[in-house]
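Since the structure of chain R is provided, determine the placement of chain W with the ligands on it from the hints.
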Amino acid sequence: MMKSVDVLNLDHVSKSFPATGQGGEPIQILEDVSLSIQRATSTAITGQSGSGKSTLLQISAGLLSADTGNIKFEGKDLPGMNDEQRSRLRSRSMGFIFQNSLLLDDFTALENVKISAMIAQSSEHVALKKALDMLKLVGLGDRLDHKSDQLSGGERQRVAIARALVNEPSVIFADEPTGSLDEHNAQLVEDLLFSLVEDREVALMLITHNLNFAGRCNLIYRLHNRHVEVRS
Amino acid sequence: MRLILHLASRYAFSKQNRHRGTSIRIAIGLALCLFAIVAVLSFMQALQRNQFEDIRTFESFDLQLDLGSVDLAAAESVAQKIEALDVVQNAFVYADLPVIAQNSEGSTVAGRLRGIEAEGRLLAQLNSYRGYLFQNGEIASSYSNTRSIHIDDTATLTFLKKGRVATVVPSKRDLKVGAIYYTSSYDFDQSTFLSDVPTLLSLQNDADLKIGVFTDADVVSVKKQIQELGYADVLTWMDVNASLYSAMELEQKMMGFMLFLMILVILVHIRNSSRRLLLAKQSEMAMLRSIGLTKSKVQLLFVLQAALVACIGCLGGVLLSYLGIALYPSISQYMYQSIGVHLILQIRFQELLLLFFTIVAFSLIASFMGTHRILKADIMEMFAHDEIS
Ligand SMILES: Nc1ncnc2c1ncn2[C@@H]1O[C@H](COP(=O)(O)OP(=O)(O)OP(=O)(O)O)[C@@H](O)[C@H]1O
Ligand SMILES: [Mg+2]
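If you read the sequences in order, they're chains R and W. Heads up: the first sequence begins at 1 in the numbering used here, then just goes up one per residue. Heads up: the second sequence begins at 1001 in the numbering used here, then just goes up one per residue.
Do not take every clue at face value.
Said to hold, decoys possible - If you want a taste of the chain W side facing chain R, the calculated C-beta under 8 Å gives, among others:
#: 1; residue: Leu1003
#: 2; residue: Arg1010
#: 3; residue: Tyr1011
#: 4; residue: Val1070
#: 5; residue: Asp1071
#: 6; residue: Tyr1245
#: 7; residue: Glu1249
#: 8; residue: Leu1279
#: 9; residue: Ser1283
#: 10; residue: Met1287
#: 11; residue: Ser1290
#: 12; residue: Leu1293
#: 13; residue: Thr1294
#: 14; residue: Lys1295
#: 15; residue: Ile1379
Stated by the list, open to error - In the DMTMM-like style, the derived pairs of lysine to aspartate or glutamate whose C-alpha atoms are separated by at most 20 Å in a straight line are:
#: 16; chain 1: W; residue 1: Lys1297; chain 2: R; residue 2: Glu84
#: 17; chain 1: W; residue 1: Lys1081; chain 2: W; residue 2: Asp1218
#: 18; chain 1: W; residue 1: Lys1297; chain 2: R; residue 2: Asp32
#: 19; chain 1: W; residue 1: Lys1295; chain 2: R; residue 2: Glu84
Keep in mind the hints are simulated off the structure, nothing from the lab. Quick reminder that beta carbons are idealized off the backbone N, C-alpha and C, glycines included.
For reference, chain R alone in the conformation it holds in the complex (with noise of 0.2 Å):
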């Protein structure tokens, strides 16, 4: 067994965004950012708004590709892979939960979590149960047929949230999931994220503006000035 092993490894990472209208200057957003999540660790990402934290996260899942760095998932270079291999990693070993928690509109909150088990190679049968299980546990049991716009947003949040941990994935990238929940929901999400870390050695990246949110985190990174600084 290796000892503390990184999941997740971002190495002198910069990102910039072209400049919005004619002749600006690009945007740099992101600056020599290095950092690493561990499994088993949950890991906490402040910074006010426009820092960039939304950024980070989505460089670090390989949804957004980095101007200049290197990044490692479990080892291996993430955007070195092929479509297939960071395709099947999305599917099997990464959980996303969106700022604005984005769902498949055209399908119901069961069947959003549904196709995420059966694209992951769950039989229909086991993903119906899998779906069931996580939508319960998120409170959403009465609302399984609710299609993306018949759902509140803090429910749609959840349903995002039941999907993202439906494949029992090894590192979950969540940005601000608790934002617009209430307390006694977010308290729910918050315990759950925390226990899959503790009970399931899952590494988890979160955002969030909440401090004791991020307080309960193992380890705070700040992104500041294009530049992340550890905190804790």
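Chain W with the ligands only, in chain R's frame:
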């Protein structure tokens, strides 16, 4: 794979799909376009068939043979010899003589007198309005000339005869109008008086005798067979009507070109609507990718979806086409009143099939290219660009 199929059908037409309306509109658009093309195509073909049909029945026959002889008995035996060919239905003697007919009150019609041993298709489609056709020593005038020439009139025919001094001299003959006939060919009716061959020969005994031939076989091969019998001067209806035939061929090419343009319009429509549909689905695609569907599967999914929409649209078009053809007879009366011809519409199955596959194939290609373009971007970029472009 089952999952992909399921998703594709959901994206295509499911009630839950927000863009179902777009799918349905695309399908209906395809159906109507296909129907329009089939309608134009079959009308065009029917019109041309109709026109040629008349020419081949009344005017020039399928084939004709100029004997250059004036011996009726000899001509009749040649006709029998030709009729003995398996591929020939009818062979009969006829001759044309340009005439001007004048009735007792002085009104005239210029045309020709056709002396003919009417048989087969010609006889079947030759209608007597009044009187009896082909009575010896009488002529039949057409219904379209009844304003000038009436039944039982004595018509004075003026025609040119070879003379002893001058090469030709005008001569006159009075003949009874024993019948009024009509056919479906207005041009033929207007210019033609009919009689039997002996009556025509009694006006001009050195008239050039010809033989008309009806066949269901390919006229060019029949032409060859008749030539093998030793008669070189055979012409097919295409030879005889060469200028008309080539004009019609040109017309056909022009129509082909118009149809090509129509298809082009459809293809552009397919491309645009497929692009619109795909752009609307861009964030769905990003979502599917983020939960682990590979690019190629996302692409397959949306290509399948496009195929489904295109197939349903085209099937609708095919259905509409056959329905239109089936219902046409009940409105053909109105068509007859407005364009004056009875058309029999047909759909050529191969053409329909070709059209079907062209449209479906293009839908697939358009969707393939569209998804390919979209999938080039990073997943997050696909989210960001949603509904903008
Ligand atoms: N596609 C894009 N094109 C141009 N600029 C972008 C793009 N996406 C993000 N940005 C800019 O990058 C900066 C960082 O965005 P990001 O979403 O990472 O911020 P954040 O730290 O998550 O903020 P918040 O706490 O409000 O979610 C912002 O200033 C934003 O305007
Ligand atoms: Mg953010």
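How the hints compare with the structure:
1. Hint status for W/Leu1003 relative to chain R: holds, with the closest Cβ pair at about 5 Å, below 8 Å.
2. With a least beta-carbon distance of about 6 Å to chain R, the hint placing W/Arg1010 at the interface is held under the 8 Å criterion.
3. For W/Tyr1011, the interface hint holds, the least distance from its beta-carbon to any beta-carbon of chain R being 7 Å, beneath 8 Å.
4. Taking 8 Å as the C-beta contact cut-off toward chain R, the hint placing W/Val1070 at the interface is violated, the least distance being around 86 Å.
5. With a least beta-carbon distance of about 87 Å to chain R, the hint placing W/Asp1071 at the interface is violated under the 8 Å criterion.
6. Annotation: W/Tyr1245 was flagged as interfacial toward chain R, and the flag is violated, the nearest CB pair being 57 Å apart, outside 8 Å.
7. Annotation: W/Glu1249 was flagged as interfacial toward chain R, and the flag is violated, the nearest CB pair being 52 Å apart, outside 8 Å.
8. Restraint check, W/Leu1279 versus chain R: the minimum CB separation of about 15 Å is more than 8 Å; hint violated.
9. Annotation: W/Ser1283 was flagged as interfacial toward chain R, and the flag holds, the nearest CB pair being 7 Å apart, inside 8 Å.
10. Hint on W/Met1287 holds. Least Cβ distance to chain R is approximately 5 Å, under the 8 Å limit.
11. The beta carbon of W/Ser1290 is positioned within 8 Å of a beta carbon in chain R (closest approach about 6 Å), and the interface hint is therefore held.
12. The closest approach between the C-beta of W/Leu1293 and any C-beta of chain R is roughly 5 Å, which is under the 8 Å cut-off, so the hint is satisfied.
13. For W/Thr1294, the interface hint holds, the least distance from its beta-carbon to any beta-carbon of chain R being 4 Å, beneath 8 Å.
14. Given the 8 Å rule on beta carbons, the hint for W/Lys1295 holds: about 5 Å separates it from the nearest Cβ of chain R.
15. The restraint placing W/Ile1379 at the interface with chain R holds, with a minimum CB-CB distance near 4 Å, inside the 8 Å limit.
16. Straight-line distance between C-alpha atoms of W/Lys1297 and R/Glu84 comes to about 10 Å, which keeps the hinted pair within the 20 Å bound.
17. For the hint linking W/Lys1081 to W/Asp1218, the alpha-carbon distance of about 19 Å falls within 20 Å, and the restraint holds.
18. The hinted pair formed by W/Lys1297 and R/Asp32 fails the criterion: a straight-line CA distance of about 35 Å is larger than 20 Å.
19. Restraint check for W/Lys1295 and R/Glu84: the C-alpha separation of about 8 Å stays at or below 20 Å, so the hint holds.
Taken one by one, the earlier hints fail for this structure at numbers 4, 5, 6, 7, 8, 18, listed in ascending order.
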